[in-house]
Amino acid sequence: MIYVANLVIGFCIAVGVFFTVVTVVGILRLPDVYTRAHAASKSATLGVLGILVGVFLHFWWIKGHFSIQLLLGSVFLFITSPVGGHLMSRAAYMSGVKPTDLTVGDDLGEAIGEQKSHEED
Amino acid sequence: MKLFIWICLIIVFLSMLGTLVRVFKGPSTPDRLIALDGIGIMLISIIALLSIAFETMYFIDVILLIAIMSFIGTVSFSKFIEKGAIIDRDIRR
Numbered sequence: 032m033i034y035v036a037n038l039v040i041g042f043c044i045a046v047g048v049f050f051t052v053v054t055v056v057g058i059l060r061l062p063d064v065y066t067r068a069h070a071a072s073k074s075a076t077l078g079v080l081g082i083l084v085g086v087f088l089h090f091w092w093i094k095g096h097f098s099i100q101l102l103l104g105s106v107f108l109f110i111t112s113p114v115g116g117h118l119m120s121r122a123a124y125m126s127g128v129k130p131t132d133l134t135v136g137d138d139l140g141e142a143i144g145e146q147k148s149h150e151e152d
Numbered sequence: 013m014k015l016f017i018w019i020c021l022i023i024v025f026l027s028m029l030g031t032l033v034r035v036f037k038g039p040s041t042p043d044r045l046i047a048l049d050g051i052g053i054m055l056i057s058i059i060a061l062l063s064i065a066f067e068t069m070y071f072i073d074v075i076l077l078i079a080i081m082s083f084i085g086t087v088s089f090s091k092f093i094e095k096g097a098i099i100d101r102d103i104r105r
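Protein chains in written order, with this note's numbering: chain C, 32 to 152; chain Z, 13 to 105.
To be clear, the hints were calculated from the coordinates, so they are not data collected in a lab. If you're wondering where the values come from, they're calculated on a predicted model, not measured in any experiment. Don't be surprised by glycine CBs; every beta carbon is placed ideally from N, CA and C. You may find that some hints are simply not true.
[Claimed, not checked] Covered stretches of chain C, as calculated for chain Z (at least 3 residues, CB under 8 Å):
no., stretch
1, 48–58
2, 75–84
3, 89–101
4, 124–131
Required output: the full structure, derived from the provided sequences and hints.
In structure tokens:
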């Protein structure tokens, strides 16, 4: 029984570590602020969520301790990490960081232009 | 199991060092902000793995605290980059 529990916990932690490595590769290799924010917010959230689920199952099944702080922490991270990624991308756009040359469309620029023309009316 | 946890810990630590490279050479300030947010999230992973490696429950409270502090830091940094002030009275955000 302990063996099966260790197998499940090890699988969760391995998935988390894999997505953490994916985060680092994305942050170092992608060409742009916006693509880097995409890599950092999505795969980092999944990585830390896998590791926290593994640690939670370890303390529940092996140690017999149902840790409510770990559940609360993972739910909090799952809510706030996409919000943080959105705020960082928005701050990058508003401070005037140019996207890379491979970008084909800019919808936010058109939306901001429409809003400014509405305010002038 | 113990060896597996330590190997995962070393891998996450090396990824944290790799993110630090982007903090040093990032061309713009939002690049550095994104990398710092990633470092905060990886620090949470390191603390969670250390609590298994040291067989203790006392590190668990630190995870929630660092998550809240990292989110507040990210929000205030991005507001500062966006408009130069953290607390203002602009209704349109």
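Here is what the structure says about each hint:
{"no.": "1", "hint": "48–58", "verdict": "holds (count 6)"}
{"no.": "2", "hint": "75–84", "verdict": "holds (count 6)"}
{"no.": "3", "hint": "89–101", "verdict": "holds (count 7)"}
{"no.": "4", "hint": "124–131", "verdict": "holds (count 3)"}
Against the hints set out earlier in the document, no violation occurs for any number.
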